[in-house]
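Turn these sequences into a full structure, and let the hints steer you where they fit.
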Amino acid sequence: MIRRTLMTGAALALALGSSAFAASHSETTKACFIYVGPIGDGGWTYQHHQGALAVKEEFGDKVEIAWQESVPEGADAERALTQMALSGCDIIFTTSFGYMDATNAVAEKFPDIKFEHATGYKREHPNVSTYDARFYEGRAVVGHIAGSMTETNKIGYIASFPIPEVIQGINSYFLHAQKVNPDVELVVTWVYTWFDPAKEADAARAMIDQGVDVITAHTDSTAPLAEAAKEGGKVIGFGQASDMAAFMTNDDGTPGPRVASIIDNWNPYYIKRVQAVMDGTWEQQASWAGMPEGEVVIGEMNALVPENVQQEVNDMVAAITAGEYHPFTGPINKQDGSAWLGEGEVADDGTLAGMNFYVEGITGEIPN
Amino acid sequence: MDLGSISVVLLVASIMVSATPILLAAIGEMVVEKAGVLNLGVEGMMITGAVVGFAFAVNSGSPMFGFVAAALAGALLSSAFALLTQFLLSNQVATGLGLTLVGLGLSSLIGKPYEGIKSPTLPKLDIPILSDLPVVGRMLFSHDIMVYLSLLLVVCVWAFLKYTRAGLILRAVGESHDSAHALGYRVVRVRFLAILFGGACAGLGGAYLSLVRVPQWTEGMTAGAGWIALAIVVFASWRAGRILVGAYLFGGVTVLQLNLQAAGANVPVALLSASPYLITILVLIVISARGAHGAPASLARPFHASS
Chain A
1 MIRRTLMTGA
11 ALALALGSSA
21 FAASHSETTK
31 ACFIYVGPIG
41 DGGWTYQHHQ
51 GALAVKEEFG
61 DKVEIAWQES
71 VPEGADAERA
81 LTQMALSGCD
91 IIFTTSFGYM
101 DATNAVAEKF
111 PDIKFEHATG
121 YKREHPNVST
131 YDARFYEGRA
141 VVGHIAGSMT
151 ETNKIGYIAS
161 FPIPEVIQGI
171 NSYFLHAQKV
181 NPDVELVVTW
191 VYTWFDPAKE
201 ADAARAMIDQ
211 GVDVITAHTD
221 STAPLAEAAK
231 EGGKVIGFGQ
241 ASDMAAFMTN
251 DDGTPGPRVA
261 SIIDNWNPYY
271 IKRVQAVMDG
281 TWEQQASWAG
291 MPEGEVVIGE
301 MNALVPENVQ
311 QEVNDMVAAI
321 TAGEYHPFTG
331 PINKQDGSAW
341 LGEGEVADDG
351 TLAGMNFYVE
361 GITGEIPN
Chain B
369 MDLGSISVVL
379 LVASIMVSAT
389 PILLAAIGEM
399 VVEKAGVLNL
409 GVEGMMITGA
419 VVGFAFAVNS
429 GSPMFGFVAA
439 ALAGALLSSA
449 FALLTQFLLS
459 NQVATGLGLT
469 LVGLGLSSLI
479 GKPYEGIKSP
489 TLPKLDIPIL
499 SDLPVVGRML
509 FSHDIMVYLS
519 LLLVVCVWAF
529 LKYTRAGLIL
539 RAVGESHDSA
549 HALGYRVVRV
559 RFLAILFGGA
569 CAGLGGAYLS
579 LVRVPQWTEG
589 MTAGAGWIAL
599 AIVVFASWRA
609 GRILVGAYLF
619 GGVTVLQLNL
629 QAAGANVPVA
639 LLSASPYLIT
649 ILVLIVISAR
659 GAHGAPASLA
669 RPFHASS
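From first to last, the protein sequence lines are chains A and B. In terms of this note's numbering, the first sequence has 124 at position 124, counting the first letter as 1, and numbering is strictly consecutive. In terms of this note's numbering, the second sequence has 475 at position 107, counting the first letter as 1, and numbering is strictly consecutive.
Honestly, I wouldn't trust all of these hints.
[Claimed, not checked] Not everything, but these chain B residues come out facing chain A in the computed CB check (under 7 Å): (1) Ser373; (2) Leu378; (3) Asn459; (4) Glu587; (5) Asn627.
Hints listed in this document are in silico derivations from the structure and should not be mistaken for laboratory results. Everything numeric in this text was worked out from a predicted model, so none of it was measured. Heads up, the beta-carbon is just placed ideally off N, CA and C, and yes, glycines get one too.
Shown next, in the form of structure tokens:
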């Protein structure tokens with residue numbers, strides 16, 4: 001704590017005192033990262049940090065990386081970002097949706113620093129880019145597994161916040177479960193947090209108590225899998241954001257509750273963008289990459305997944321990767337029965353990025 | 369909506385498990401505050417208990433050993449707080465906040481090698497006759513031993529404060545440390561012991577999170593449970609029985625709203641999640657309107673024998 005204060009103070013003095021500071025600093029590029037949870041969450045933040053480490057490994061001494069963990073979304077994010085900007089970062093990655101306004105506010109004050117905001121849509125200044133991954137491609141795959149494997153025909157989704165990214169995931173998960181199992185019922189539970197292992201476990205418990213036997217989470221910790229593990233094989237789930245391979249096998253060697261996983265692989269993107277800063281070719285953009293670019297990866301399936309389902313999953317991943325299949329391909333109706341996509345029609349990115357409706361067949365309402 | 373899919377038996381069972389960590393932490397903190405000390409470091413002591421308990425349980429293979437280690441770790445951390453505030457007369461609020469920061473940092477340091485590991489967990493008790501009762505057997509009598517120990521602890525604290533001489537002295541120290549000192553009681557010693565007890569309870573609460581409720585170690589896993597425990601003490605107006613009510617209410621609302629959602633009920637999630645805090649504010653208004661706010665009179669005031 002003291003060290004950080006001292007460093008900020010020193011950086012402030014330098015930044016204010018001499019413009020030579022910026023020039024002398026340009027020999028190494030400093031890439032900074034703001035995380036919403038701890039690196040040790042084993043999920044979302046862990047994967048972003050893997051990306052940061054990949055940048056370091058790629059460029060060695062030519063880059064310096066810095067990061068701050070567990071920065072709350074909201075007002076405090078602006079303080080943390082300002083602090084980073086003052087400490088000489090050349091590019092700052094803000095890795096959670098809730099940093100959107102803070103990122104743009106700080107970017108305005110530091111026009112020479114590049115900002116990259118994950119999963120957002122606001123680019124109010126030329127030095128702000130946004131980047132996202134097509135997580136719904138992964139959700140389609142695990143939805144297929146869920147629909148194929150559920151015994152109770154009740155599948156669950158632990159949702160964090162009602163934002164487009166999460167709603168895309170819910171819709172994609174349900175559509176593909178329904179495709180293989182028309183009787184499937186989806187239970188959505190909103191926890192209003194990205195990271196609270198106890199609450200995530202409680203949400204999983206509430207759904208299990210009500211007969212849900214496949215759980216997917218849109219939160220960051222491994223707690224839902226740990227809760228599923230208590231059911232002795234009756235309940236399965238998926239690694240979320242990270243592989244969560246520890247739950248692939250139980251201690252006694254039997255297959256564990258994690259039957260597959262959606263892995264966010266930020267490494268290629270982070271390396272590309274830091275490279276652009278080093279080359280001076282960085283430009284504002286809105287990146288939305290998925291399986292074709294290797295940003296969304298399906299982790300290895302365990303032995304609980306039947307062979308034919310594994311084959312179908314591999315085919316689906318291949319089709320999405322090749323650009324032959326889009327998870328939102330019509331005919332799809334909205335929840336109220338009105339038509340959204342006609343036969344063979346594919347959803348456009350604009351609608352997806354602002355998605356605020358459920359597709360037909362999902363019960364319940366999106367909270368606002 | 370299908371409320372019929374909520375099983376009351378499973379719901380109550382799940383509330384009891386969910387409330388146990390905050391119950392343990394809150395009952396400990398209540399004793400500390402009854403002695404006139406405000407320790408805001410509950411969160412830090414809880415998470416230290418969580419990681420130490422987890423580490424010891426993994427290495428020894430015995431969850432009970434983990435709980436003992438967690439209690440000791442919580443007490444050890446709180447002794448730093450006790451030294452600073454009781455002997456060096458540092459500001460209790462600032463020191464408590466510092467304790468939370470230290471606990472969070474220390475726990476992630478200790479916990480690094482334990483991420484992604486599974487721990488032995490406590491078995492559910494099979495109490496003869498009681499566990500086999502219809503409905504209540506599954507609901508109340510088939511939990512792990514810590515659930516019952518936490519309830520026993522509440523009863524013990526209540527009886528200790530109400531009926532024992534030592535309890536009376538502790539309350540006297542909390543109400544007026546000058547009078548207690550004039551009567552010849554060792555104010556600092558009593559407070560030191562109370563702080564250690566509070567630390568041990570918080571450590572147990574944390575270990576319950578990492579060993580039973582979640583059960584795994586994840587950095588920052590208490591996620592504010594320590595602050596909820598502090599709110600419960602106020603909510604309970606410093607009475608042991610009401611701590612139990614408060615903890616089950618706070619834990620219950622979370623579990624209930626998740627269950628309602630899973631059953632498809634259209635509930636205002638944000639309002640339900642905030643309701644325990646709203647109720648706490650209401651309780652504060654009611655008790656202050658009645659004039660007797662229930663807080664120990666010497667709460668958070670430093671004491672030195674010379675003054």
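Per-residue hint verdict: glutamate 587 of chain B, partner chain A, C-beta under 7 Å: Constraint on glutamate 587 of chain B satisfied, holds at 4 Å.
Interface hint outcome for asparagine 627 of chain B [beta carbon to chain A under 7 Å]: Asparagine 627 of chain B check passes; min Cβ-Cβ to chain A is 4 Å, inside 7 Å.
Per-residue hint verdict: serine 373 of chain B, partner chain A, C-beta under 7 Å: The hint holds - serine 373 of chain B has a Cβ within 7 Å of chain A, the shortest such distance being about 5 Å.
Satisfaction of the leucine 378 of chain B interface hint, Cβ to chain A closer than 7 Å: holds (4 Å)
Evaluation of the interface hint that places asparagine 459 of chain B against chain A, nearest CB under 7 Å: It is violated, given that the least Cβ distance between asparagine 459 of chain B and chain A is near 17 Å, above 7 Å.
Hint compliance for this structure: hint 3 is the single one not met.
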